[in-house]
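Chemist: For the record, the sequence lines run as chains C and S.
Per our numbering, the first sequence starts with residue 1, numbered consecutively.
Per our numbering, the second sequence starts with residue 1, numbered consecutively.
I should point out that these hints are in silico values taken from the structure, not numbers from a laboratory.
Do not take every clue at face value.
Here are the simulated BS3-like pairs of lysine-lysine, each with C-alpha atoms no more than 27 Å apart in a straight line [claimed, not checked]:
#1 Lys161/C with Lys48/S
#2 Lys110/C with Lys186/S
#3 Lys163/C with Lys48/S
#4 Lys171/S with Lys186/S
#5 Lys52/S with Lys163/C
#6 Lys160/C with Lys48/S
#7 Lys110/C with Lys11/C
#8 Lys48/C with Lys6/C
#9 Lys161/C with Lys52/S
#10 Lys234/S with Lys162/S
#11 Lys6/C with Lys160/C
#12 Lys48/S with Lys11/C
#13 Lys48/C with Lys11/C
#14 Lys52/S with Lys80/S
#15 Lys320/S with Lys171/S
#16 Lys161/C with Lys110/C
#17 Lys240/S with Lys319/S
#18 Lys160/C with Lys52/S
#19 Lys71/S with Lys52/S
#20 Lys171/S with Lys234/S
#21 Lys342/S with Lys234/S
Using C-beta positions, here's what the derived DEER-type ranges look like [claimed, not checked]:
#22 Pro30/C with Thr168/S: 48 to 56 Å
#23 Arg4/C with Ser20/S: 36 to 44 Å
#24 Val51/S with Pro142/C: 24 to 32 Å
#25 Arg244/S with Glu135/C: 56 to 64 Å
#26 Glu107/C with Trp170/S: 42 to 50 Å
#27 Pro142/C with Arg57/S: 31 to 39 Å
#28 Arg4/C with Val291/S: 41 to 49 Å
#29 Ala373/S with Gly52/C: 33 to 41 Å
Even glycine gets a Cβ: it sits at the ideal position worked out from N, Cα and C.
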Amino acid sequence: MSMRGKAWTFKDDIDTDAIIPARYLNTSDPESLARHCMEDADPSFPEKVRPGDIIVAGKNFGCGSSREHAPLAIKTCGVGAVVAASFARIFYRNAFNIGLAILESPEAAKRIRAGDELEIAPGGGLIRNLTRGEEYAATAIPPFMAEILAAGGLIGYLQKKVKDDG
Amino acid sequence: MGMTITEKILAAHAGRDRVSPGELIEARVDLALGNDITAPIAIAEFEKIGVKEVFDRHRIALVPDHFTPNKDIRSAEQVKTMRQFAQRHEITHYFEVGRMGIEHCLLPQEGLVLPGELIIGADSHTCTYGALGAFATGVGSTDLGAAMATGEIWLRVPETIKIVIRGTGWKRWVSGKDLILYVIGKIGVDGALYRALEFTGEAVEALSMEGRLTMANMAIEAGAKNGIFAPDDKTEAYVKERARRPYRLYCSDEGARYSEVYEFDVGDIEPQVAFPHLPENARPVGEAGAVQIDQAVIGSCTNGRIEDLRAAAAVLKNKKVHPGVRLIVIPGTQEIYLQALKEGLVEIFIEAGAAVSTPTCGPCLGGHMGVLARGERAVSTTNRNFAGRMGHPQSEIYLSGPAVAAASAISGRLAGPEEVL
Ligand code: SF4
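Can you make the complete structure from the sequences, with help from the hints?
Modeler: What follows is the structure in structure tokens.
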């Protein structure tokens with residue numbers, strides 16, 4: 001399935017406190033978290049983001065805490081995918097584990113401007129910039145992680161394993 | 001081809017003779033950790049998997065430390081979820097308020113994390129336990145939920161960066177915190193992304209276990225997967241009386257491969273301060289300029305241990321906190337708190353005009369017990385100075401070791417201990 005949406009751009013080193021400030025972590029309800037998604041980086045974001053929109057950021061996106069509330073807030077507010085030059089590692093695995101599509105592409109991170117219309121090809125290997133008529137390749141995902149994504153996340157993957165093991 | 005400590009521990013836990021960087025492995029977990037923020041999601045995910053029991057009720061640690069003693073109704077509900085799960089599954093290592101501590105101070109103290117082990121925690125500072133020669137890494141809640149069910153975790157074997165800190169010419173007041181801030185200042189907040197940081201060299205060997213725990217704690221602030229120290233006599237002395245399980249000491253081979261090697265001399269390192277809003281903005285406190293502060297925090301999983309409190313007390317003894325500053329001191333665990341009482345440190349803090357609190361993460365993550373207002377500045381011995389971390393998005397955090405935080409509390413502005421003694 002391809003994904004299409006408008007780009008929201010952010011700088012380097014967006015940390016998990018910017019994605020979802022700790023002051024809101026006294027709950028793990030996804031809807032309440034989504035209401036504050038990215039608000040310290042861009043207060044208008046939670047209100048203006050539309051389903052399918054795509055976050056585009058510089059290097060080290062999601063650095064800081066291990067809070068899964070961060071990818072959860074992003075996913076719940078409707079964001080279809082996150083494209084970044086690089087990801088902090090715990091954020092990276094959390095996104096896979098909860099089934100949020102993320103794509104690593106330094107070129108895309110550099111070229112895409114706020115508001116560009118983007119399309120992500122099925123499989124997540126290619127990002128098309130419809131506004132600028134450009135294409136960017138994303139780093140390939142290891143097969144094991146693709147399997148997790150295909151199962152909708154780690155829990156889906158394990159449910160299947162538990163069932164298969166009888 | 002030789003292996004690094006990190007590779008050896010991962011190989012042993014994957015049931016393999018050897019592993020190489022880049023490989024994806026499924027590894028056995030010796031201990032899985034969760035806290036009041038991350039465990040509730042992990043429990044919900046655990047329950048979806050369809051297994052009835054946890055993999056081993058003695059190998060899970062649940063610590064309510066972030067918003068405890070419960071700061072509001074929602075926090076209370078989160079802790080309740082965790083407590084009931086612990087009761088239902090008869091988890092041995094659930095730590096209630098009054099007997100708890102900040103997780104990364106508590107687990108080493110209780111002998112629950114040991115050399116050669118593989119520890120995962122749904123908390124990014126789980127990397128702290130690398131100080132003991134363990135492979136310890138932070139993961140998310142879903143990972144924790146899965147590990148509680150299966151006792152396993154998928155991991156990518158990281159490349160290792162070697163950080164060598166040589167020399168014996170320590171400047172006065174320089175601590176493990178100053179070394180790690182200095183290193184992060186040099187390599188950057190993504191300088192070790194996806195990789196292991198192995199700390200070695202004369203200066204590192206000279207550090208106490210507390211100093212090493214502080215350094216390993218901040219490996220994540222360079223983006224690292226784990227930080228690790230070769231276990232030595234000090235490690236053994238520390239774990240011997242605490243360990244309740246056998247453990248193994250691993251060291252890197254001579255021919256081990258490193259993706260990069262950085263060498264520093266301890267004689268070049270002065271007490272540091274990391275300016276807002278990234279830990280990599282480190283500079284010597286002597287070059288800080290005139291920065292007025294409103295609050296000073298001494299505590300956290302980075303610097304809430306007894307040695308840290310002693311360093312702060314040495315500066316604060318017979319001194320008063322500046323009238324414009326709130327100094328908040330938070331011992332990392334009940335045991336540390338009691339020790340600080342017995343040594344008269346708490347008395348020094350209170351006489352200086354500080355607030356001393358029961359163990360909690362509290363202000364470190366802007367939770368409670370010292371949240372900052374718009375425009376306020378804090379010097380803090382914690383590990384992150386991201387915008388909004390300690391309160392209002394327009395407040396500022398300056399990271400330092402305990403001695404600098406104490407000296408700054410006295411001066412009312414960023415200051416080194418020498419300026420007040
Ligand atoms: S003290 Fe701070 S960094 Fe450490 S575990 Fe608590 S919130 Fe996290």
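Chemist: Evaluate each hint against the coordinates.
Modeler: Against the structure, the hints come out as follows:
{"no.": "1", "hint": "Lys161/C with Lys48/S", "verdict": "holds, 13 Å"}
{"no.": "2", "hint": "Lys110/C with Lys186/S", "verdict": "holds, 25 Å"}
{"no.": "3", "hint": "Lys163/C with Lys48/S", "verdict": "holds, 12 Å"}
{"no.": "4", "hint": "Lys171/S with Lys186/S", "verdict": "holds, 19 Å"}
{"no.": "5", "hint": "Lys52/S with Lys163/C", "verdict": "holds, 13 Å"}
{"no.": "6", "hint": "Lys160/C with Lys48/S", "verdict": "holds, 11 Å"}
{"no.": "7", "hint": "Lys110/C with Lys11/C", "verdict": "holds, 10 Å"}
{"no.": "8", "hint": "Lys48/C with Lys6/C", "verdict": "holds, 11 Å"}
{"no.": "9", "hint": "Lys161/C with Lys52/S", "verdict": "holds, 15 Å"}
{"no.": "10", "hint": "Lys234/S with Lys162/S", "verdict": "holds, 21 Å"}
{"no.": "11", "hint": "Lys6/C with Lys160/C", "verdict": "violated, 35 Å"}
{"no.": "12", "hint": "Lys48/S with Lys11/C", "verdict": "violated, 36 Å"}
{"no.": "13", "hint": "Lys48/C with Lys11/C", "verdict": "holds, 19 Å"}
{"no.": "14", "hint": "Lys52/S with Lys80/S", "verdict": "holds, 20 Å"}
{"no.": "15", "hint": "Lys320/S with Lys171/S", "verdict": "holds, 25 Å"}
{"no.": "16", "hint": "Lys161/C with Lys110/C", "verdict": "violated, 40 Å"}
{"no.": "17", "hint": "Lys240/S with Lys319/S", "verdict": "violated, 38 Å"}
{"no.": "18", "hint": "Lys160/C with Lys52/S", "verdict": "holds, 16 Å"}
{"no.": "19", "hint": "Lys71/S with Lys52/S", "verdict": "violated, 32 Å"}
{"no.": "20", "hint": "Lys171/S with Lys234/S", "verdict": "holds, 22 Å"}
{"no.": "21", "hint": "Lys342/S with Lys234/S", "verdict": "holds, 24 Å"}
{"no.": "22", "hint": "Pro30/C with Thr168/S: 48 to 56 Å", "verdict": "holds, 53 Å"}
{"no.": "23", "hint": "Arg4/C with Ser20/S: 36 to 44 Å", "verdict": "holds, 39 Å"}
{"no.": "24", "hint": "Val51/S with Pro142/C: 24 to 32 Å", "verdict": "holds, 26 Å"}
{"no.": "25", "hint": "Arg244/S with Glu135/C: 56 to 64 Å", "verdict": "holds, 57 Å"}
{"no.": "26", "hint": "Glu107/C with Trp170/S: 42 to 50 Å", "verdict": "holds, 46 Å"}
{"no.": "27", "hint": "Pro142/C with Arg57/S: 31 to 39 Å", "verdict": "holds, 33 Å"}
{"no.": "28", "hint": "Arg4/C with Val291/S: 41 to 49 Å", "verdict": "holds, 47 Å"}
{"no.": "29", "hint": "Ala373/S with Gly52/C: 33 to 41 Å", "verdict": "holds, 38 Å"}
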